[in-house]
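J.: Here are the chains, one letter per residue:
Protein chains: 2
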Amino acid sequence: MSILRSLPEQVDFEAPALAAAGLGQWEIDLSSDSARCSPRAEALLGLAQGPSPRTLSSLLDAFIPEDRSAIAAAFSMVRSTGCLQFERRIRHAIDGTIRWLHVKGGLSEDASAPARLMGIVADVTEWRSHQERRHQSESMAAISHVCGRIAHDYNNFLMAVGTNLEMYEEQVTGSERARRFYDAAQDGLQRGARFNESLMSLAGRHQLHLAPVRVDALLLALEPALRTQMEATINIELLRPSGPLICTTDARQLEAAIQQLATNAQDAMPGGGTLRLSLKERVFDDREAATYGVAPGPFGVIAVDDTGIGIDADGIAHVVEPFFTTKAARRAKGLGLSLAYMLARRSGGFIDIASRLGQGTSVQIYLPHII
Amino acid sequence: MSILRSLPEQVDFEAPALAAAGLGQWEIDLSSDSARCSPRAEALLGLAQGPSPRTLSSLLDAFIPEDRSAIAAAFSMVRSTGCLQFERRIRHAIDGTIRWLHVKGGLSEDASAPARLMGIVADVTEWRSHQERRHQSESMAAISHVCGRIAHDYNNFLMAVGTNLEMYEEQVTGSERARRFYDAAQDGLQRGARFNESLMSLAGRHQLHLAPVRVDALLLALEPALRTQMEATINIELLRPSGPLICTTDARQLEAAIQQLATNAQDAMPGGGTLRLSLKERVFDDREAATYGVAPGPFGVIAVDDTGIGIDADGIAHVVEPFFTTKAARRAKGLGLSLAYMLARRSGGFIDIASRLGQGTSVQIYLPHII
Chain P
1 MSILRSLPEQ
11 VDFEAPALAA
21 AGLGQWEIDL
31 SSDSARCSPR
41 AEALLGLAQG
51 PSPRTLSSLL
61 DAFIPEDRSA
71 IAAAFSMVRS
81 TGCLQFERRI
91 RHAIDGTIRW
101 LHVKGGLSED
111 ASAPARLMGI
121 VADVTEWRSH
131 QERRHQSESM
141 AAISHVCGRI
151 AHDYNNFLMA
161 VGTNLEMYEE
171 QVTGSERARR
181 FYDAAQDGLQ
191 RGARFNESLM
201 SLAGRHQLHL
211 APVRVDALLL
221 ALEPALRTQM
231 EATINIELLR
241 PSGPLICTTD
251 ARQLEAAIQQ
261 LATNAQDAMP
271 GGGTLRLSLK
281 ERVFDDREAA
291 TYGVAPGPFG
301 VIAVDDTGIG
311 IDADGIAHVV
321 EPFFTTKAAR
331 RAKGLGLSLA
341 YMLARRSGGF
351 IDIASRLGQG
361 TSVQIYLPHI
371 I
Chain H
1 MSILRSLPEQ
11 VDFEAPALAA
21 AGLGQWEIDL
31 SSDSARCSPR
41 AEALLGLAQG
51 PSPRTLSSLL
61 DAFIPEDRSA
71 IAAAFSMVRS
81 TGCLQFERRI
91 RHAIDGTIRW
101 LHVKGGLSED
111 ASAPARLMGI
121 VADVTEWRSH
131 QERRHQSESM
141 AAISHVCGRI
151 AHDYNNFLMA
161 VGTNLEMYEE
171 QVTGSERARR
181 FYDAAQDGLQ
191 RGARFNESLM
201 SLAGRHQLHL
211 APVRVDALLL
221 ALEPALRTQM
231 EATINIELLR
241 PSGPLICTTD
251 ARQLEAAIQQ
261 LATNAQDAMP
271 GGGTLRLSLK
281 ERVFDDREAA
291 TYGVAPGPFG
301 VIAVDDTGIG
311 IDADGIAHVV
321 EPFFTTKAAR
331 RAKGLGLSLA
341 YMLARRSGGF
351 IDIASRLGQG
361 TSVQIYLPHI
371 I
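Just so you know, the protein sequences line up as chains P and H, in that order. According to the UniProt record's numbering, the stretch in the first sequence is residues 1 to 371, in order. According to the UniProt record's numbering, the stretch in the second sequence is residues 1 to 371, in order.
I should point out that these hints are in silico values taken from the structure, not numbers from a laboratory. The beta carbon of each residue, even a glycine, is placed where N, CA and C say it ideally should be. Among these hints, one or two may not hold up.
[As the list claims (entries may be wrong)] Now the stretches of chain H that chain P is said to cover, found in silico as 3 or more residues with beta-carbon under 8 Å: (1) 17-31; (2) 58-69; (3) 179-186; (4) 251-261; (5) 342-352.
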């Protein structure tokens, strides 16, 4: 209270407020295409030391080429709306990382001056990734709900058909040849029932047997099977901690998930490559745990890494969705990632996927670690 | 260029930049629980005229009660992270509207002073609604893709079973009683096939017959059927423009969608009420069109409004998802809204839903208007 009282009532606190919030400022003279940035804005834009004022186009060059047409569209709206707002990616000129920036501004309120745009810029990479994660989890919850409802309805149809087919078979007489059609019909019903089972898993309605599992031992035991399953062009590495690492999960489902992820990895390396399975421990504090929507504490992290074709940035946001496929996201083929996602979630963990086109993909399964 | 050159190189432009971006500033003295806001921050928080400095808790009271525990959690992170960031809803004290505010700040960089938080506040209601719309459309695209893939696989199973069942029936002999089991099995297959059809519609794979449709005439022709279909406790109103209004859509699917929405509306009014069907025209400029992900131009808007129980804020974001249900979202029962969503999207329009608990729901179908 004393500090605030000692300040004059009308003191400006724009500069320290912007500093504390990590925002930079900029202004653009629309008539001359020149722009000026505060030092923090320059740093956020990842610009190397340069002349001031800059040209507008040199500022826009900080953004990645894929995003520039959207930025041009945002600028073209300024004339009608008086406002500029977009959220786009830069590639940092110095460290080369991709960051999301939020740019917001408007025409200067000084009507006597020529058209000037002014505003702020903020790095929203972490905030955005948090939001995307929340949306992904909502989207997966909706998909999983839909799969469950569909499986439930189909189960009723399949049961009705199956029961009546059996009753019909008991009441009729026919040749050996007729029997083959009966068997083929039954086979179709069974394939439907198996498909229904995987939908039930996607819906999280499949029963899990959650128990303490020695994940280090499980990986070691799985290695020979993986060597048999993989083609000879795939080099397999296994990195385990020296001691036991125990997580809460369903051992059989985890084995199946890892085998499926290994197959996806192989599909992503048509010319051969390295499949690296590794296991480590990580501890999440409250903040990290909140980011991933889990309880804070220690996690066992199983990583399935390949040196394959990779998944592009747009694909990676959707890669856990069932049946999702793009040419650049061949690893997502089938339901492997979706089932791994559900298993991790239902075990109290999550999965994290990182990828670079042409360099490979890393799928990390986080499971609660029992110490 | 002349303007920029005439400015001294190091002039502060924080204040005009904040003004142009519409941001307010605030500071909080953590030791005394007192806070100070810039006039714009006060306006954004929707505060009535009050003393300055304010208490922190009087600021937090601007936020709606449901959001306060999340804000408290954000404050509790300041000690470990040095940062404060949250996006939560206020109810404007003067005009009563709900707005989303983004608050971002950090501990003052002045290490000699006692712990002070400073930062900015922005109204992100429109930005957020744009993002939510984009996420909803991505989520629906994913759900629709999943429905399509499932329907495709099930179609194969049902076809295999159906074909073999028929072949079997040709090869065997049995009684009239046996025949009934055969018919019951066929009936199960047909129910499965009909369900498959609706999944195909959700997947947007159902063939649409898009053509110019006189929507005003369609509504007039539909009215008698609705009066027959609705219970006597439901009062029906129809508001049409005096002239013809022609939109691009599939006439039969639109009729079915309206009838389904009317049934949903009736379900939301168990004690009776008013169902109002109305039709008007709206023109979208580039900006509005971008918000809704459609092409700019004129739209015909068919509104199906009720005076029923309404849908809560959390439900409304998910209400178009197939099979979505909550107690407060009974209008979403079944696939009516999802199918209306797909029809509008495939016609080049969209649907918009507004609702207030206890007051009713308005579903608006926007279709491209042909002039």
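J.: Decide, hint by hint, whether the structure agrees.
T.: Right, here's what the structure says about each hint:
1. Proximity of the stretch 17-31 of chain H to chain P, defined as three or more residues with a beta carbon under 8 Å from a beta carbon of that chain, is established by the 12 residues found.
2. Figure legend: the stretch 58-69 of chain H, annotated as covered by chain P; annotation inconsistent (0 residues with Cβ-Cβ distances under 8 Å, at least 3 required).
3. For the stretch 179-186 of chain H, the stated coverage by chain P holds: 4 residues have a C-beta nearer than 8 Å to a C-beta of that chain, and at least 3 were required.
4. Counting residues of the stretch 251-261 of chain H whose C-beta lies closer than 8 Å to any C-beta of chain P gives 0; at least three are required, and the coverage claim is violated.
5. Given a C-beta distance limit of less than 8 Å, the hint that chain P covers the stretch 342-352 of chain H is violated, as 0 residues qualify and 3 are needed.
Checked against the numbered hints above, the structure breaks hints 2, 4, 5 and satisfies the rest.
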